[in-house]
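In order, the protein sequence lines correspond to chains A and B.
Note that the first sequence ends on residue 310 in my numbering; no numbers are left out.
Note that the second sequence ends on residue 780 in my numbering; no numbers are left out.
Just so you know, these hints were derived from the structure itself, not from any lab.
Values in this document were obtained by computation on a predicted structure and should not be read as measured data.
Hints may contain errors.
[Claimed, not checked] Ranges of calculated distance between the beta carbons of each label pair, as one might list FRET restraints: (1) B:ASP387 <-> A:GLY180: 53 to 61 angstroms; (2) A:ARG155 <-> B:PRO700: 28 to 36 angstroms; (3) A:PHE178 <-> B:SER395: 53 to 61 angstroms.
[As the list claims (entries may be wrong)] Below are the DSSO-like pairs computed for lysine-lysine, each with C-alpha atoms no more than 30 angstroms apart in a straight line: (4) A:LYS227 <-> B:LYS480; (5) B:LYS677 <-> A:LYS38; (6) A:LYS67 <-> A:LYS57; (7) A:LYS227 <-> B:LYS675; (8) A:LYS227 <-> B:LYS472; (9) A:LYS62 <-> B:LYS479; (10) A:LYS50 <-> B:LYS677; (11) B:LYS464 <-> A:LYS204; (12) A:LYS227 <-> B:LYS502; (13) A:LYS62 <-> B:LYS464; (14) B:LYS677 <-> A:LYS227; (15) A:LYS35 <-> B:LYS677; (16) A:LYS57 <-> B:LYS480; (17) B:LYS474 <-> A:LYS38; (18) B:LYS677 <-> A:LYS32; (19) A:LYS57 <-> B:LYS502; (20) A:LYS227 <-> B:LYS672; (21) B:LYS501 <-> A:LYS227; (22) A:LYS227 <-> B:LYS479; (23) B:LYS464 <-> B:LYS360; (24) B:LYS665 <-> A:LYS62.
Ideal placement from N, C-alpha and C gives every residue a C-beta, glycine not left out.
What follows is each chain in one-letter form.
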Amino acid sequence: MLLIDPSKRNSFEWHICEGDLVIVYERHDNMKAVKVQKGSVFQNRFGIFKHSDWIGKPFGSKVLSNKGGFVYLLAPTPELWTLVLSHRTQILYLPDISLVLSYLEIVPGCLVLESGTGSGSLTTSLARAVAPSGHVYTFDFHEQRATLAREDFTRIGLSSLVTVTVRDIQGEGFPEEFCGSADSVFLDLPQPWLAMPSVGRMLKQDGVLCSFSPCIEQVQRSCEALKSNFTDVRTFEVLLRTYEIKEVRMDGNGGGEGSPVGPFPRKRRQCLSGEGSNGSMEQTTAVMVRPCSEARGHTGYLTFARLACI
Amino acid sequence: MAEEGGGHPAEVALRPPNPRTTWEGCSVLLDINDGDRLVFARLSPAATLKIGNKKCFLSPLIGCPFGSLFRVDTGPDGPHLTRISSSSAPSHDNCMQETDDGQSIDELRDNRSLIDNNTAQSLSSNDIDAMRREGATGDEIVEALMANSSTFGKKTAFSQEKYKLKKQKKYAPKVLLRRPSTRSICETYFKKHPARIGFLRMDTLSLLLSMANVGAYSDVLVVDMVGGLLTGAIAERLGGIGYICSTYFRSMPYPSDIVRMFNFSREICSRVIQAPFSDLCSSQNLDNENSKSHENIQSSEIQSQTEDSLLTDCASKSSIALPEDPVVSEGDSLPDCRHENNTSTGCKSANPGRKAPPELIKLWKEKGFNSLIVAAPELELGSLIQDLLPLLSYSAPFAIYHQFLQPLATCMHRLQTSRMAINLQISEPWLREYQVLPSRTHPMMQMSACGGYILSGIRICISEGCNGNN
């Protein structure tokens with residue numbers, strides 16, 4: 001599904017088939033993952049959409065409902081999956097995920113260990129990064145969540161790249177079979193310092209660890225624990241600020257007698273509603289941009305470290 | 311294409327990623343004194359490094375694991391680099407272990423009686439030189455300085471630690487051997503020569519890769535005007551499967567010397583393809599018109615780009631060393647860069663990336679690219695994006711990086727009106743590093759205020775019967 005299989009490579013020739021997972025896009029903040037099945041329907045405030053209308057269309061198409069409303073059908077990517085997956089736990093979002101992938105130097109062929117799996121948001125991106133020859137071994141101490149994650153990965157076609165195991169990493173550490181074989185390790189645990197000695201044994205020489213913690217006290221304890229056999233310990237915070245745009249039509253100064261009061265405000269209103277241009281006046285449009293008023297203030301601290309050379 | 315065991319033919323050619331040991335001729339990143347100074351170098355037999363006023367050969371670094379630490383020793387043949395173990399490296403923890411008990415006494419200490427009049431240290435620079443001539447190691451000199459300082463004993467434990475580290479950096483410098491990767495190359499350039507990479511910060515670059523869904527099997531269309539950093543980053547993520555089509559709107563490809571620092575194998579290098587935009591367009595009339603208009607817009611940019619490429623060419627001739635760092639000298643010059651390297655892997659040709667073969671161009675026109683990333687931080691974007699989008703498959707994501715906000719706002723507006731894309735978003739990444747030490751945890755004093763802006767979105771099919779490139 002996620003570009004792992006070359007025959008399903010996203011292209012102009014790639015059409016939606018029965019059984020495919022599509023991302024139904026209503027708005028940038030309203031998307032759902034839907035499995036296409038002949039005979040099924042998708043219903044939202046725009047009307048009823050028949051799956052059979054979708055089959056055979058290319059991904060990226062606009063499809064209509066019985067009422068003439070529309071949605072877009074998108075191909076799943078790890079980024080879209082992060083936005084539509086069901087939250088069983090708090091998840092990691094794009095800015096943290098992208099920095100983790102870069103800093104952990106994850107490339108195709110890598111072996112990555114992760115704990116906890118949570119809702120599988122990061123795991124999906126890790127899988128894409130190690131494909132096709134690498135593997136992600138992810139561990140969670142909660143049996144039900146591990147099962148749900150395993151089902152999710154099968155649904156999005158990642159089961160050959162991800163292995164989910166139920167295990168308490170804080171209590172037991174990573175399995176000995178991975179000793180000295182991990183390129184990178186990611187921890188999102190309440191008490192990550194308990195797992196650090198084990199991580200030190202799992203990592204290859206010069207391998208990289210990342211620990212994600214919401215609280216600074218956790219970060220302090222983690223850094224303290226890393227002193228013994230890790231180096232280059234660095235802690236970051238990363239956030240994203242978004243911008244919104246607005247088009248404004250502005251009257252030129254060509255025809256006016258000068259005074260800005262009186263007729264001007266009315267004409268400006270007319271222009272903004274787009275009811276035709278004023279022939280005697282010159283018009284230019286400008287695009288204004290400003291930051292969105294809402295922003296995420298904090299997700300967690302990312303602490304990176306490299307296994308020290310002996 | 312015969313397949314064995316269900317593997318993609320290219321998979322069998324892949325090597326294990328992320329090599330752990332250096333080899334002769336490989337490109338390395340040298341970290342001197344804990345990030346104080348970062349230098350790119352190539353480990354050729356005659357390469358040297360200047361630290362302070364001493365010049366050392368880099369040959370002891372060949373065959374060592376990445377992450378090894380070295381110190382400068384004075385020997386009969388002059389200064390040389392010796393490998394040391396990390397446990398003997400100066401670090402905060404070594405200093406602090408001794409003073410943990412003295413914590414309560416520490417709280418009574420402060421600097422009210424310390425006067426900065428240069429009289430605290432009783433050893434003169436002549437004394438220190440004499441010590442050096444007698445063969446004292448850097449660490450011994452540091453100990454002597456601490457012992458001969460009249461104010462040292464009155465400082466707080468934290469202050470003593472800071473003093474010791476400062477002296478160690480001067481008299482016992484350490485060199486850390488690092489493997490260049492996307493993140494470290496980007497961070498180094500951002501710190502030293504941000505203009506060469508269009509002020510693209512490492513978190514911004516990471517975002518571009520994720521937003522554009524870059525991974526193996528992708529065919530990525532790229533406009534890279536950041537010295538090759540973007541091309542290298544994408545090639546790293548493709549791992550030898552899939553292609554990067556680096557396109558350009560003038561007669562010559564944009565300079566991309568930074569790709570050579572990644573130590574890519576031949577397989578990965580072979581995935582970097584270059585094609586002028588005119589070759590990628592479907593209709594002949596369209597491409598002539600467009601490439602002319604884009605070239606006009608860029609005539610001023612071409613000037614600066616050519617100068618830039620000359621600069622980077624000179625730098626590359628002295629083996630990647632950035633001009634002001636006299637990292638490598640006579641031994642490592644032009645011939646090294648030019649000749650085909652048989653012993654070690656790597657693309658050392660003057661311009662990494664080969665010309666697009668016609669069958670690939672045909673394939674891309676039929677199937678479209680999986681994603682588009684543009685990093686043209688000084689271009690007036692204009693209709694550039696609208697010209698590039700038709701080359702993308704439907705439902706393919708794109709990410710456009712720019713130093714300035716306004717061009718992206720204009721571009722976003724055009725895309726909204728033309729309805730070529732959805733999920734449009736302008737993002738500005740924010741990155742802050744923390745110092746985490748017992749009782750001294752706070753954000754770092756210095757911070758980057760701007761890492762650029764990104765416009766991201768997904769291309770969609772606008773008409774009812776969309777098939778192929780319209």
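Any hints from earlier that this structure breaks? Give me their numbers in increasing order, please.
Hints 1, 3, 7, 9, 11, 13, 14, 16, 17, 19, 20, 23 and 24 not satisfied by this model.
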